[in-house]
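Counting along the sequence shown from 1, when you hit position 65 you're at 65 in full-length UniProt numbering, and nothing is skipped either side.
Keep in mind that the hints are not guaranteed to be accurate.
[What the hints assert, rightly or not] Quick list of simulated restraints, FRET-style, between CB atoms:
| no. | residue 1 | residue 2 | range |
| --- | --- | --- | --- |
| 1 | Lys279 | Gly157 | 26 to 36 angstroms |
| 2 | Lys37 | Lys293 | 32 to 42 angstroms |
| 3 | Lys68 | Glu295 | 45 to 55 angstroms |
| 4 | Lys117 | Glu326 | 17 to 27 angstroms |
| 5 | Asp322 | Lys120 | 41 to 51 angstroms |
| 6 | Lys25 | Thr57 | 52 to 62 angstroms |
| 7 | Asn290 | Thr39 | 45 to 55 angstroms |
[Stated by the list, open to error] Cross-link-like lysine-lysine pairs, in silico, DSS-like; alpha carbons within 25 angstroms at most:
| no. | residue 1 | residue 2 |
| --- | --- | --- |
| 8 | Lys76 | Lys120 |
| 9 | Lys152 | Lys279 |
| 10 | Lys76 | Lys37 |
| 11 | Lys315 | Lys305 |
| 12 | Lys25 | Lys76 |
| 13 | Lys62 | Lys45 |
| 14 | Lys314 | Lys293 |
| 15 | Lys62 | Lys25 |
| 16 | Lys25 | Lys37 |
| 17 | Lys25 | Lys84 |
| 18 | Lys101 | Lys68 |
| 19 | Lys279 | Lys305 |
| 20 | Lys76 | Lys101 |
| 21 | Lys84 | Lys120 |
| 22 | Lys315 | Lys279 |
| 23 | Lys68 | Lys120 |
| 24 | Lys314 | Lys235 |
| 25 | Lys45 | Lys25 |
| 26 | Lys69 | Lys84 |
| 27 | Lys45 | Lys68 |
| 28 | Lys62 | Lys76 |
| 29 | Lys76 | Lys45 |
| 30 | Lys235 | Lys279 |
| 31 | Lys69 | Lys120 |
| 32 | Lys101 | Lys117 |
Just so you know, these hints were derived from the structure itself, not from any lab.
The model shown is predicted, which means the values in this text are computed figures rather than measured ones.
All C-beta atoms in this analysis are idealised placements derived from N, C-alpha and C, irrespective of residue type, glycine included.
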Amino acid sequence: MNQEEYVEKKALHTMATAEELGGKKLDANLTAAEEAKVTWVIDPKGTPGDTTFTTITAALEKVPEGNKKRVILDLKPGAEFREKIFLNLSKPFITFKSDPKNPAVIAWSDTAATRGKDGKPVGTVGSTTVAIESDYFVAHGVVFKNDAPMAKPGAEGGQAVALRLFGTKAAIYNCTIDGGQDTLYDHKGLHYIKDCLIMGSVDFIFGFGRSYYEGCTIVSVTKEVSVLTAQQRSKTIEGALESGFSFKNCSIKGEGQIYLGRAWGESSRVVYAYTDMSKEVVPVGWDGWNIAKPESSGIYYGEFKCTGPGSDAKKRVGWALDLTEEQAKPFIGTHYIYGDSWLIPPDGTSTSSSSASTSSNSTAEAPTASSNSTASANKKESNSTAEAPTATSYSTASATTSNSTASAKATNYSSSSPPAKGK
Numbered sequence: 001m002n003q004e005e006y007v008e009k010k011a012l013h014t015m016a017t018a019e020e021l022g023g024k025k026l027d028a029n030l031t032a033a034e035e036a037k038v039t040w041v042i043d044p045k046g047t048p049g050d051t052t053f054t055t056i057t058a059a060l061e062k063v064p065e066g067n068k069k070r071v072i073l074d075l076k077p078g079a080e081f082r083e084k085i086f087l088n089l090s091k092p093f094i095t096f097k098s099d100p101k102n103p104a105v106i107a108w109s110d111t112a113a114t115r116g117k118d119g120k121p122v123g124t125v126g127s128t129t130v131a132i133e134s135d136y137f138v139a140h141g142v143v144f145k146n147d148a149p150m151a152k153p154g155a156e157g158g159q160a161v162a163l164r165l166f167g168t169k170a171a172i173y174n175c176t177i178d179g180g181q182d183t184l185y186d187h188k189g190l191h192y193i194k195d196c197l198i199m200g201s202v203d204f205i206f207g208f209g210r211s212y213y214e215g216c217t218i219v220s221v222t223k224e225v226s227v228l229t230a231q232q233r234s235k236t237i238e239g240a241l242e243s244g245f246s247f248k249n250c251s252i253k254g255e256g257q258i259y260l261g262r263a264w265g266e267s268s269r270v271v272y273a274y275t276d277m278s279k280e281v282v283p284v285g286w287d288g289w290n291i292a293k294p295e296s297s298g299i300y301y302g303e304f305k306c307t308g309p310g311s312d313a314k315k316r317v318g319w320a321l322d323l324t325e326e327q328a329k330p331f332i333g334t335h336y337i338y339g340d341s342w343l344i345p346p347d348g349t350s351t352s353s354s355s356a357s358t359s360s361n362s363t364a365e366a367p368t369a370s371s372n373s374t375a376s377a378n379k380k381e382s383n384s385t386a387e388a389p390t391a392t393s394y395s396t397a398s399a400t401t402s403n404s405t406a407s408a409k410a411t412n413y414s415s416s417s418p419p420a421k422g423k
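Model the full structure from these sequences, guided by the hints.
This is the structure:
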């Protein structure tokens, strides 16, 4: 199925499905969990008790298998938790909450090349700092960080995941997701990522989630070639065919030569709408990776009313789409992730403000990308192996760069292409 056939047969079907869900109430399991919610305090210097823990791991161990209530882990603002977190699928309805102005930091430093207990490399999945496999996860005002030394783009074993989302119906608000190669593994499921700062180098948003990114700041931290997305929509992976990443009202900036995405799967799908793109975004925009005929493989890469010096759709590869309003509609809004039945605001008290502000199908002119309240990416001139920003740099509200060398280099794109690599 080529792109035009997809628009006609699939995108319009998605839109019809979204309309059928209009006004739907929260699903029964989520409603029951919210009515029974509890809050536990996580403080590294606190006194352990029934509802107070010194580590996130200890708190999660207390959550019962088959959990049916919302458990809010209130992480002490400004605290750094040196933990490798794995939340298994039998423990849904968990919230990580901190203060967006002074966020708690969860950090670890494994890479795909790190040796596990069996002496073998842990691989991309095993490198993850925080792995979420359960459903209905919420995070607010938290920094998820993999602070392994940044590998050169495409280096073997350089993958270093900060956050992996494998469960469905996850919402991430006002968080920072900080790493290098493969920062955010948007692995599988329905996900909403709002007002977040996402930093990385190669394929740093990747996977086959069906996810909606709204108001996020996306920053390339390498002076070399950077690739924002590696979306894995594929006919050969169960559950992957209806996946795709949609970005609305976001901001793309940083160093190096930035590609909007490359096709990890033969039907990779990514859409950017109302997104501001800095001059570092390469004119061709997209890369087909190893796909011989991207124009007929099922790849769906589109842009709609984007702004900034890197947003000229006329210079894109011939198989990318400059979307019409009708083509863009199915992807712009929380209807894309069927959010009416499961999205809740960060405090979990009401859904009215969330649905009023985010679920509209309208494609009316959107405001410019909002600044991120959790963090900044104020980059000093550095090489690709520079240390990641310190936790204290996350309290300001912009993501700017000052590197004249990178800016000058980015004007010559013809000799550069994304690095080769496998997951």
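Handout entry: Hints breached by this structure
Key = Hints 2, 4, 6, 8, 12, 15, 17, 18, 23, 24, 25, 27, 30, 31 and 32 contradicted; others consistent.
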